[in-house]
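Colleague: Residue-level listing of the chains:
10 protein chains.
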Amino acid sequence: MPDPALLETFESPSQQSFYIEHVHEEFTSVCPITGHPDFGRVILRYEPAELCIELKSLKLYYQSFRNEGAFYEAVTNRIRDDLRDCMKPSWMEVTTEWKGRGGIRSTITATAGEEM
Amino acid sequence: MPDPALLETFESPSQQSFYIEHVHEEFTSVCPITGHPDFGRVILRYEPAELCIELKSLKLYYQSFRNEGAFYEAVTNRIRDDLRDCMKPSWMEVTTEWKGRGGIRSTITATAGEEM
Amino acid sequence: MPDPALLETFESPSQQSFYIEHVHEEFTSVCPITGHPDFGRVILRYEPAELCIELKSLKLYYQSFRNEGAFYEAVTNRIRDDLRDCMKPSWMEVTTEWKGRGGIRSTITATAGEEM
Amino acid sequence: MPDPALLETFESPSQQSFYIEHVHEEFTSVCPITGHPDFGRVILRYEPAELCIELKSLKLYYQSFRNEGAFYEAVTNRIRDDLRDCMKPSWMEVTTEWKGRGGIRSTITATAGEEM
Amino acid sequence: MPDPALLETFESPSQQSFYIEHVHEEFTSVCPITGHPDFGRVILRYEPAELCIELKSLKLYYQSFRNEGAFYEAVTNRIRDDLRDCMKPSWMEVTTEWKGRGGIRSTITATAGEEM
Amino acid sequence: MPDPALLETFESPSQQSFYIEHVHEEFTSVCPITGHPDFGRVILRYEPAELCIELKSLKLYYQSFRNEGAFYEAVTNRIRDDLRDCMKPSWMEVTTEWKGRGGIRSTITATAGEEM
Amino acid sequence: MPDPALLETFESPSQQSFYIEHVHEEFTSVCPITGHPDFGRVILRYEPAELCIELKSLKLYYQSFRNEGAFYEAVTNRIRDDLRDCMKPSWMEVTTEWKGRGGIRSTITATAGEEM
Amino acid sequence: MPDPALLETFESPSQQSFYIEHVHEEFTSVCPITGHPDFGRVILRYEPAELCIELKSLKLYYQSFRNEGAFYEAVTNRIRDDLRDCMKPSWMEVTTEWKGRGGIRSTITATAGEEM
Amino acid sequence: MPDPALLETFESPSQQSFYIEHVHEEFTSVCPITGHPDFGRVILRYEPAELCIELKSLKLYYQSFRNEGAFYEAVTNRIRDDLRDCMKPSWMEVTTEWKGRGGIRSTITATAGEEM
Amino acid sequence: MPDPALLETFESPSQQSFYIEHVHEEFTSVCPITGHPDFGRVILRYEPAELCIELKSLKLYYQSFRNEGAFYEAVTNRIRDDLRDCMKPSWMEVTTEWKGRGGIRSTITATAGEEM
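Chains as they are written, first to last, in our numbering: chain A, 1 to 116; chain B, 117 to 232; chain C, 233 to 348; chain D, 349 to 464; chain E, 465 to 580; chain F, 581 to 696; chain G, 697 to 812; chain H, 813 to 928; chain I, 929 to 1044; chain J, 1045 to 1160.
Source of the hints: derived by calculation from the structure; they are not laboratory data. Backbone N, C-alpha and C fix where the C-beta goes; we use that ideal spot for every residue, glycine too. A hint or two may mislead.
Unchecked claim - 25 Å max Cα-Cα, derived SDA-like pairs, lysine to any residue: (1) LYS795/G / SER985/I; (2) LYS636/F / ARG917/H; (3) LYS871/H / GLU1137/J; (4) LYS911/H / GLY649/F; (5) LYS99/A / GLY151/B; (6) LYS987/I / ILE568/E; (7) LYS320/C / ARG277/C; (8) LYS795/G / THR571/E; (9) LYS215/B / TYR831/H; (10) LYS331/C / ASP897/H; (11) LYS563/E / ASN995/I; (12) LYS755/G / LEU6/A; (13) LYS1143/J / VAL842/H; (14) LYS56/A / LYS755/G; (15) LYS1100/J / TYR947/I; (16) LYS1132/J / ARG1149/J; (17) LYS1143/J / GLN363/D; (18) LYS520/E / GLU369/D; (19) LYS679/F / LEU631/F; (20) LYS552/E / GLU369/D.
To be verified - Reference listing, derived: stretches of chain D covered by chain C, where coverage requires no fewer than 3 residues with Cβ under 8 Å from a Cβ of chain C: (21) 351 to 364; (22) 368 to 376; (23) 402 to 412.
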């Protein structure tokens, strides 16, 4: 099940504002209705305040959704909440892009903070 | 014929603002003048208020246009009206992209509410 | 020669604001200097007020330029003027994209009204 | 050597504002340090005031740089200055895109006037 | 190790504002944790004040990171600081795009000054 | 239901061997199990003997599958048989490419005669 | 674990030779060394003898590899063996394409029988 | 109407075998049934014997089809015959690719002689 | 320096013939004349006899060329020889694709054994 | 003018057969009729016998055509002859691809020796 305790951070290397984007192509969870696997990618964009997310821990956190049954909308909001609580960034945006289910492709976007 | 009663919703998983996009690649209706089939895709983008649209019901609603004779412009406004009445979203945009008829490709866009 | 009398309209299916785009890939006219044929595409975008343009009539209107000798810039302004006079849209944009003549590709854009 | 006297104009076909783009794919000049040829393309965008640039004269003007030794930055500013002096447009933008030299691709952009 | 003394400049050929972009496709440094090589590209965009960066010196400066062990975030801020100190541009943006490590692709962006 | 009587032919314009390909992007039939619509394209390649297929009649023949419930494999063999019986070509190949059902995209190919 | 008992077949609709291709984009198994998930796609091409594979059963069979730890080479040969034993086709080819592990993308191909 | 007298040739610069391809993107003729314009491109490939086709004359010959009403199949065979009679090449292939009419895209290929 | 002792193998999982392709996108060595880094990718295709190459060891072997000064042609033949001696495959092909040096992109291909 | 004395060679690093491809994107010569510049790329493929062509010398040789007036067909045969005389390869193929003149894109191919 999703485990935010897997997330680790390191101190930002600059006091000036800058932007970071991490694209994970191989996200998978399970449809809560049918039990079939869902596949997608997760795009994280953020402006760090004092902390940056460590890449390997981010990957392990994403893998912890592998057997989780949840709607697209709930997965996206869960990731936004967990990362926001962990990094407390100046601004953050989480986008999930899902391969089609029933001929429909879906994209969900949730943000935290204000982009400067 | 188009049947908005097919549409079902579920409660939004978050009180915070977020965005949803569903792309349906296989929309088909019928030209009201010639009776030939038209083919296109429908892109729905919205910011939920209290309700989200259920994916399978959305697909069945789109399929209910299969033998409907209607102009591109009327189809697009009809979908916008039906989805707005059903979900009452904070903001919504419906775009239909049509494969060419007579060497002309067409795209129609209708919105409801104000994007924040 | 270009014949705006070919253009036909129908009443807009909605009182609310929406946008329409028609892309015609196979426009041809003639260079007024050399007599060689020019080839391009015409992109019409508009927000209807009370009238929409009928697709087949638009195609026949575009075909009436086939043996017309005119500069790119004049063709574009002529289409803008004819369509504006016919539909009286809230906003309209005509873009012509021309395949290269002498190693130079050209794009001309003319508008009418203010996009909301 | 670059020869602005090659440039010719014709009167704009419309009093209303519109935009023109001419893309020339085959620009070549010479590196002033090494003497090796440089290759690129030149993108001219402008909003005419009273004059439009004639296409064939523009091509001959670009070809007059063929054996000119000049830095990317100087070529771009030279074209901007020559075209501005010739056409006196409401707004103008010159972009040069250069194929790589030493594994680095470069793009230079210079403008004149204010885009409305 | 990164050596800003390699950077050379030349005087800007114009007093008027213009923009320059240099894209380097072949940047490589080393992961400070695992010692494995990282690969990416560096996109530099700037508006010169009085100085432009000389291309060959920029390439040699980038190559001086070849055996440097540093996080993506630190590399990006280091390049931004070195180039800003050397050129003192009106505005500058450094973007690094990294090929995937552990199935995650990353992009980091740092700026200096205000774009006009 | 599929109606080969819709197919019409005309005499080949040449006694010498040549090849013809017609690509139809908008084929639709119905899944015989679930009743959901299937979408795909049909690629016909042939070397005429004495007869060529007339394009408009080919399109009407393809549209006659619209409400037919049949497996991909059966549709493809049916088209091959009908066209072979109608044109008696020297060689013929029918390929159907189907948009995904259940995350699997399918392509079926059936031939008649020997390619020279 | 991989379960060939999930595979179902139906009788081929034609006695004449034809070809079938099914592309599954969402295959996943597990690296037997590290335990990390692998992702790829499976391309099945075959010429049926008397039996065709049923699509939904093929999908369920592929999903049964989800928690299987196996090398790329072993997965590919396993699928080839299971499908050959089930369908006894005239000819069959199984190709697996894997997203990169450690910066290397891999493709494995195994066949059974002779292509005619 | 198509005029092979427009075609001009020059002597081949080499006694050794070599191949030539000329791609014309802007071919247009007229549908003999409906009178609507057809658009396509013509690809000529040949191995010269003693003569090569002159490029400007080839272009004028293609333009002479502009108001010709003819089926795709007849246009293709006509071009093959005219060019073969004019150049007497060792081998020649004419391919015409047509933009869609009624949702069907067509490609016709005719050859003369044997490719070595 | 290139170190074939890094290469490790494992026993092939099948006695039947099959094919393996590994694409490494991030190869780098050094130009023996100028000392500048070269960048490219290496495509290995082979049909195993009794041994398969282990992926992680292949990556480390490729990385051992990082500071090697050698011509494109020599690097390619070196990799072919080392892998052939290590795996003794039924057939093997090594292709190196190099990013441009001096405006010229190069591809080198060396094989061992006969493809069946 | 074209100067084959610029070409230099080095000894092939292997006695076994292998293949080399060099793609030069920035070839330019002059039309012998109009004096306008032509632009294209040159693709050289060869199997060395005892000698390989040195890359920098190949580039300088190509640049020596910069102000040469010659037909496409003559340029291609000239390069084939010069390189064959210099390297005496087992097999060689020279392809020139030319950007359009008068709406027609051309490709010329000349070979020497037999591909094994």
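Colleague: Does each hint fit the structure? Answer for all of them.
Modeller: How the hints compare with the structure:
1. LYS795/G / SER985/I: Between LYS795/G and SER985/I the Cα gap is close to 18 Å, so the pair holds against 25 Å.
2. LYS636/F / ARG917/H: With a Cα-Cα distance of about 12 Å, the restraint between LYS636/F and ARG917/H holds, given a limit of 25 Å.
3. LYS871/H / GLU1137/J: Violated - the C-alpha atoms of GLU1137/J and LYS871/H are around 28 Å apart, more than 25 Å.
4. LYS911/H / GLY649/F: Judged against 25 Å, a Cα distance of about 31 Å means the pair is violated.
5. LYS99/A / GLY151/B: 33 Å, violated
6. LYS987/I / ILE568/E: 18 Å, holds
7. LYS320/C / ARG277/C: 13 Å, holds
8. LYS795/G / THR571/E: At roughly 20 Å apart (the allowed maximum being 25 Å), THR571/E and LYS795/G satisfy the hint.
9. LYS215/B / TYR831/H: 39 Å, violated
10. LYS331/C / ASP897/H: Violated: LYS331/C and ASP897/H sit about 32 Å apart, past 25 Å.
11. LYS563/E / ASN995/I: Since the Cα atoms of LYS563/E and ASN995/I sit roughly 21 Å apart, the hinted pair holds (cutoff 25 Å).
12. LYS755/G / LEU6/A: Given pair LYS755/G, LEU6/A is violated - Cα atoms ~33 Å apart, limit 25 Å.
13. LYS1143/J / VAL842/H: The hint is violated at about 28 Å.
14. LYS56/A / LYS755/G: Judged against 25 Å, a Cα distance of about 31 Å means the pair is violated.
15. LYS1100/J / TYR947/I: This hinted pair is violated, its Cα atoms lying about 37 Å apart.
16. LYS1132/J / ARG1149/J: It is violated: about 31 Å lies between the C-alpha atoms, which goes past 25 Å.
17. LYS1143/J / GLN363/D: Distance ~37 Å between LYS1143/J and GLN363/D Cα, so the pair is violated.
18. LYS520/E / GLU369/D: At roughly 32 Å apart (the allowed maximum being 25 Å), GLU369/D and LYS520/E break the hint.
19. LYS679/F / LEU631/F: Outside the cut-off at roughly 32 Å; violated.
20. LYS552/E / GLU369/D: With Cα atoms ~33 Å apart, LYS552/E and GLU369/D exceed 25 Å; violated.
21. 351 to 364: Since 5 is at least three, the answer is holds.
22. 368 to 376: holds (count 7)
23. 402 to 412: holds (count 4)
Hint compliance for this structure: hints 3, 4, 5, 9, 10, 12, 13, 14, 15, 16, 17, 18, 19, 20 are not met, and every other hint is.
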